[in-house]
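Make a model of the complete structure from these sequences and hints.
There are 2 protein chains.
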Amino acid sequence: MLLVQKFGGTSVGTIDRIRNVATRVARAKSEGHDVVVVVSAMAGETNRLIDLAKSAVNEPDPRELDVLVSTGEQVTTALLSMTLLSMGYKARSLQNHQVHLVTDSSFTKAHIKRIDAQQLRGALKRGEIAVVAGFQGIDEEGNITTLGRGGSDTTAVAIGASLKPYAKNNLVCEIYTDVDGVYTADPNIVKDARKLKRISFEEMFELASSGAKVLQTRSVLFGMKFDIPIHVRSSFNDSEGTMVVNETNDMESVVVTGISYDKNEAKITVIHVSDKPGIAHSIFAPLAEAGIVVDMIIQTASTEGYTDMSFTVPKSEMKPAMQILQELVKQKKAIYVVGDEKVAKVSIVGVGMRTHSGVAATMFKALADARINIQMISTSEIKISVVISEADMKKAVEVLHREFGLG
Amino acid sequence: MLLVQKFGGTSVGTIDRIRNVATRVARAKSEGHDVVVVVSAMAGETNRLIDLAKSAVNEPDPRELDVLVSTGEQVTTALLSMTLLSMGYKARSLQNHQVHLVTDSSFTKAHIKRIDAQQLRGALKRGEIAVVAGFQGIDEEGNITTLGRGGSDTTAVAIGASLKPYAKNNLVCEIYTDVDGVYTADPNIVKDARKLKRISFEEMFELASSGAKVLQTRSVLFGMKFDIPIHVRSSFNDSEGTMVVNETNDMESVVVTGISYDKNEAKITVIHVSDKPGIAHSIFAPLAEAGIVVDMIIQTASTEGYTDMSFTVPKSEMKPAMQILQELVKQKKAIYVVGDEKVAKVSIVGVGMRTHSGVAATMFKALADARINIQMISTSEIKISVVISEADMKKAVEVLHREFGLG
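Residue numbers (the working numbering), protein chains in the order written: chain L, 1 to 407; chain C, 1 to 407.
In case anyone wonders, no lab produced these hints; they're calculated from the structure. Just so you know, nobody snuck in bad clues.
Intra- or inter-copy, both count: the list cannot distinguish identical chains.
Straight-line Cα separation of at most 27 Å, DSS-like style, residue types lysine-lysine; simulated pairs:
#, residue 1, residue 2
1, Lys90, Lys109
2, Lys90, Lys54
3, Lys54, Lys29
4, Lys315, Lys333
5, Lys125, Lys168
What follows is the structure in structure tokens.
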């Protein structure tokens, strides 16, 4: 079997931990597997490099920033490879100009275009453990690029996809992290949260994009697109983690698979705007121009030609967003703008929602019974999210976890 | 004119110093020159990375060590390029997989085979300042290599050579360092040591290889081979430094150009070896096998079929060398082996020696008059070296500096 093992910054944060990783990699190799390892920079290193850049110039050039921070993963590949070699294993570090992981030229947030797996196949055929730098690539001109935060997960799954023919579909992408799998809810909040043995790509994607930090959303999309099974597991113990796989029929018998929350959003309400065509545009166009991403939006029913508009933005963007919207008040298009940082988003996710009706009603009733006020609601095919007061968040997650029988 | 400017680790040791370098580079560009900058790792960074490797494994794999330490220069290229960009100059960092600086596969001590200057020419034609990582290359298979300590000087001169046709021979390689040129002797030792305006490649090579640390010997050989004028100057002030150029006729009117010393050698004497064919081989073959480089060798006149053999090795190698030679004593091929760390080598260098006789005699008489005992002598066409007691070194340099009228 081909194992693509990805180790994050915490797992390779010290020389001792790199030794632990080497032991684990070596064991997989000894068991007869082909092994490709994808590593992040040692914990703290990427931030150290970014700070170095910011001490040099206020706004570092994106191309040069990528040249700088990509050294972080390169260091880890070398340290892990020399450790494996000293243990008597054949190993070889590979940077992205060697692996030919080609991206577009969007420095600091590049997208993978293709991987020429020839080098990797060669290394595997020679019996070597290939140790690849995560998070980075080269563009068509050979410039160094990076994939943005969390990009190493994506590197690992993309490498899995590129080696699928070589592995004759017999492969797993193992994402080693500091938690031992995907849970029905955050175990820090819900005492009887249960580790999931399996979860579908769709559910994982919705959980990840609504606050669960266990896996990067882009890597989930890659896994879904190329059907690469992802095993999320802990780098600190040997217990089985959670398999993220394509949906199977039996999955739909469970209505709700997991509950996620997100405390990093803030709610902004624009009060008493005239309810005319184009008003949404006049609110959201200047925000988009400023690069502020808006998540949920609700509009209250119109009263005498006026309405209130509420939406959520990342907490860090609340102040700049409100400054921009003050312009509407000056132009007398709105009475005032109010922001609320003390909110949280709680989401329930499950492919079973497709076939089970009344899930939303059950959710809202459970929250009402617990005297939790719902401020905003949004839904997708397999997810229902509500915005509530941050003070109610913990209780909401516990109540829903019990209500949908996840314990 | 094309300027290839090389800045060493001290010159780029802090963000402030990188800013100073950027100012100097920008000035050259503003004056209308094509500029390629070659940078070392920030002072201390290479050692930090090597220490990191040694904390991971006892003997780091050479290939992986190169992957690790080459990140040091990459960091500097990015920091300098983003600084230049923030000042409004077009600049672009280039690593060696981008410059196509191809070396052999001798990891940690690779030799340059060729540079495909296409990328560099492209950057220069676009009006960009090209900022190249010194000290490193790639081999034919795309593996990262390094040129060994001081390799950045060699990178700079080699890049100059590769761009000579582009520059139509109108180029200078500027080596910025923490001294402001090449002196007739170390100014720390000789008060009236004089900065040389010009020196020939041959003389510079002999001075560098006999202890003067101002320029790396391999870079001098490259400059000589491809006739690239090298300007050695300070990165901390604007004064003219020393031009290292091809020999001209007027140079020979000066007999001795400079005096160098080396305190990093130790003398080993093997006492009472039987003076038979093959005895030198039995002494030096095991040393060579152990990778110990022997510099000067002298053999005393044979007495009754026995002789003493003295030679110098790097101080750090004295102990292992003596352990190896104890084997000869065990085999009764010698009576005993004695080592002396308290020696120094003093050399006088000058192309004028070719045409002036009696230079050696003058040197030996001056030392004798100063009651300095000569332990070993070696000569080349333009250099005479003597090994003396380390305690006499300073006096010897002063005496010779005066004797040959260098003040």
